[in-house]
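Participant: Each chain, written out:
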Amino acid sequence: MKKFLQKIPEQVKRLSILLVVVVVVFIVAQSLLTPKDFGLIGHFRATSVQNNADKKMQYAGQEACSDCHEDMWKIKNAGYHKNLSCEVCHGPSLNHVNEPDQFKPEKPMGRNFCPVCHEYNPSRPTGFPQIVSASHNPRKFCISCHNPHNPTPPQTPKDCSACHAEISNAKSVSSHMEIPCTKCHETSEKHRLSPREFLPTKPTQREFCGQCHSKDAKSDISIPRINMETHEPRYVCWQCHYPHLPEAQ
Amino acid sequence: MDKNVNQTDKWESSEGVHSDIPSGKVERRNFLKKLAILALAPIAFGFLGSTDKFKTIKKWMLENGYVPSNHKWGMGIDINKCIGCGRCAVACKNENNVPKEPFFFRTWVERYRIYEDGDIQVDSPNGSIDGFENSRTNKKMLRSFFVPKICNHCENPPCVQVCPVGATFKGEDGVVLVDSDYCVGCRYCIQACPYGARFLHPVTHTAEKCTFCYHRIVQDKLPACVEVCPTQARVFGELNKKASPLVRFLRMNKIGILKPSLNTEPKVYYANLDMEVK
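Which chain is which? The protein sequence lines are Z and H, in order. For the first sequence, my numbering assigns the number 3 to the initial residue and increments by one for each residue that follows. For the second sequence, my numbering assigns the number 26 to the initial residue and increments by one for each residue that follows.
Treat the hints with caution; some may be incorrect.
Computed Cβ-Cβ distance ranges for the label pairs, DEER-style [what the hints assert, rightly or not]:
no.	chain 1	residue 1	chain 2	residue 2	range
1	H	265	Z	181	48 to 58 Å
2	H	197	Z	109	20 to 30 Å
3	Z	235	H	287	42 to 52 Å
4	Z	164	H	197	45 to 55 Å
5	Z	195	H	168	21 to 31 Å
6	Z	192	H	187	24 to 34 Å
7	H	143	Z	152	44 to 54 Å
8	Z	203	H	225	51 to 61 Å
9	H	257	Z	110	45 to 55 Å
10	H	280	Z	224	42 to 52 Å
Derived BS3-like pairs (lysine-lysine); straight-line CA-CA distance at most 25 Å [unchecked claim]:
no.	chain 1	residue 1	chain 2	residue 2
11	H	125	Z	58
12	H	106	H	195
13	H	59	Z	38
14	H	284	H	303
15	Z	204	Z	220
16	H	246	Z	84
17	H	97	Z	106
18	H	284	H	97
19	H	195	Z	38
20	H	246	Z	106
21	H	58	Z	4
22	Z	15	H	58
23	Z	76	H	195
24	Z	57	H	58
25	Z	57	H	97
What the hints contain is simulated information worked out from the structure, not anything from laboratory work. Glycine included, every Cβ here is placed at the ideal spot set by N, Cα and C.
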């Protein structure tokens with residue numbers, strides 16, 4: 003054994019001592035620097051899960067509002083804004099829930115708040131009620147005509163364009179601009195108040211367009227005609243022609 | 026060899042380091058012994074301490090009534106329902122004390138405009154908080170829609186993989202969190218995130234991201250963005266409980282995820298996702 007030790011060259015011995023020292027220093031340093039809870043449930047500090055869960059809330063959630071404001075809650079839940087949480091308009095209100103007298107939630111009154119959602123924007127989904135605020139009673143506050151908790155319009159919208167602005171814009175520059183929407187879409191009066199429950203109809207057969215556009219239709223002479231038997235009989239018209247803007251390619 | 030040792034001893038004593046200790050050999054043995062004890066003691070103590078800590082964490086889970094391993098959270102976003110009002114981004118900033126300046130967002134909404142000539146414009150002015158202006162161009166629009174974006178809470182999160190100190194991690198409930206006390210602010214995770222969902226907090230200089238409002242979900246409340254979404258475009262819930270609204274959402278819609286080719290396996294699911302959305 004002694005002979006074996008003596009056989010090891012001096013520099014190897016010294017280097018191995020250095021290696022041991024480095025390893026020991028590393029282990030000491032690591033054990034001192036690594037937090038005690040590191041790696042208990044994964045490669046992270048276990049208490050940081052708690053730190054993340056301990057943050058302060060700002061939004062109370064709409065159930066909290068209903069405890070005190072049950073009347074408003076009921077009105078809101080019967081109208082179009084039933085899916086809206088109170089804090090969408092009134093802002094974060096957990097402080098108000100905890101100390102109702104000291105903190106009051108926001109009440110947006112001006113004309114610039116409602117258009118955040120209801121200003122016309124072509125990217126918004128069709129059917130979402132939109133207005134052009136520049137031309138929609140420009141000097142009135144929204145809340146002078148619409149109760150925000152039950153925003154059914156004071157007069158039911160006269161034309162379809164009140165909600166279907168996108169379609170009506172396209173139709174207004176097309177050769178179909180003179181045709182009223184109701185000629186193709188049978189719309190019950192109830193659609194104006196409950197749009198999603200009472201949906202308007204849509205034409206289902208190509209003969210519907212044929213009423214004006216077939217070769218032997220009794221319509222104005224300037225209307226373009228086709229032969230219904232030979233003009234792509236396997237397709238319905240709106241697969242190729244967009245009815246609201248038939249000029250579009 | 027003896028010669029060598031003596032030489033080093035002489036050299037050391039000449040420096041006056043160990044001048045009061047007579048024999049260098051004994052000193053070295055003692056020194057190494059002490060070193061070994063020093064090295065092992067903290068490890069042993071650390072181990073004892075950590076098991077103690079582990080018990081308290083387990084206790085916390087039960088006290089709070091929330092056990093992370095019993096949950097798996099995800100989010101559904103219906104693009105057809107998003108109206109781009111930006112209330113989610115506002116609520117997120119309020120709830121999580123995100124700096125109010127633009128460029129710091131945990132969630133934001135992008136507008137996609139695809140023109141007939143194949144041109145695609147994507148914008149998100151101030152993360153959608155100030156609304157989207159209707160620009161007037163002569164180009165004809167083919168289709169246009171809003172896409173809310175958020176941390177995808179990937180099953181294989183690239184940000185967690187690259188963190189050099191283990192300051193970001195995927196919890197047992199699948200939520201990717203940041204340990205802001207432990208983060209060194211190296212920004213590697215910000216670079217690694219393929220969805221651009223992270224930013225460096227300008228005051229604390231630590232990485233920040235969406236936590237699915239972790240402080241809310243452990244108390245059975247919805248994340249702030251889901252709470253305020255006026256059109257229910259966002260759905261939040263459990264992924265492996267059949268009765269959850271999210272599972273219903275996944276059952277009723279055609280679902281897409283962002284950048285599926287990266288195999289990050291996001292837990293944010295989009296209904297009616299357009300192929301141009303990146």
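Participant: Starting from residue 284 of chain H, check that the Cα of residue 97 of chain H is at most 25 Å away, please.
Facilitator: Holds, because 21 Å separates the two Cα atoms, which is no more than 25 Å.
Participant: Using the beta carbons of residue 257 of chain H and residue 110 of chain Z, state whether their distance is inside 45 to 55 Å or not.
Facilitator: Given about 21 Å between the Cβ atoms, the range is violated.
Participant: Regarding the pair residue 57 of chain Z and residue 58 of chain H, is the alpha-carbon distance no greater than 25 Å?
Facilitator: Violated: residue 57 of chain Z and residue 58 of chain H sit about 47 Å apart, past 25 Å.
Participant: Run the distance test for residue 195 of chain H versus residue 38 of chain Z: straight-line Cα separation, threshold 25 Å.
Facilitator: holds (19 Å)
Participant: Take the C-alpha atoms of residue 246 of chain H and residue 106 of chain Z, compute the straight-line distance between them, and say whether it is at most 25 Å.
Facilitator: Roughly 22 Å between the alpha carbons, so the hint for residue 246 of chain H and residue 106 of chain Z holds.
Participant: Would you check the hint for residue 284 of chain H and residue 303 of chain H, treating anything up to 25 Å between C-alpha atoms as holding?
Facilitator: holds (7 Å)
Participant: Starting from residue 106 of chain H, check that the Cα of residue 195 of chain H is at most 25 Å away, please.
Facilitator: violated (30 Å)
Participant: For the pair we were handed, residue 125 of chain H and residue 58 of chain Z, check the Cα-Cα distance against 25 Å.
Facilitator: This hinted pair holds, its Cα atoms lying about 18 Å apart.
Participant: Do the Cβ positions of residue 164 of chain Z and residue 197 of chain H conform to the proposed distance bound of 45 to 55 Å?
Facilitator: holds (50 Å)
Participant: Do the beta carbons of residue 143 of chain H and residue 152 of chain Z sit within 44 to 54 Å of each other?
Facilitator: holds (45 Å)
Participant: Look at the Cβ atoms of residue 203 of chain Z and residue 225 of chain H and judge whether their distance stays inside 51 to 61 Å.
Facilitator: For residue 225 of chain H against residue 203 of chain Z, whose Cβ atoms are near 55 Å apart, the range 51 to 61 Å holds.
Participant: Take a look at whether the Cβ-Cβ distance between residue 235 of chain Z and residue 287 of chain H falls inside 42 to 52 Å.
Facilitator: holds (47 Å)
Hints 2, 6, 9, 12, 17, 23 and 24 from the list above are not met by this structure, while the remaining hints are.
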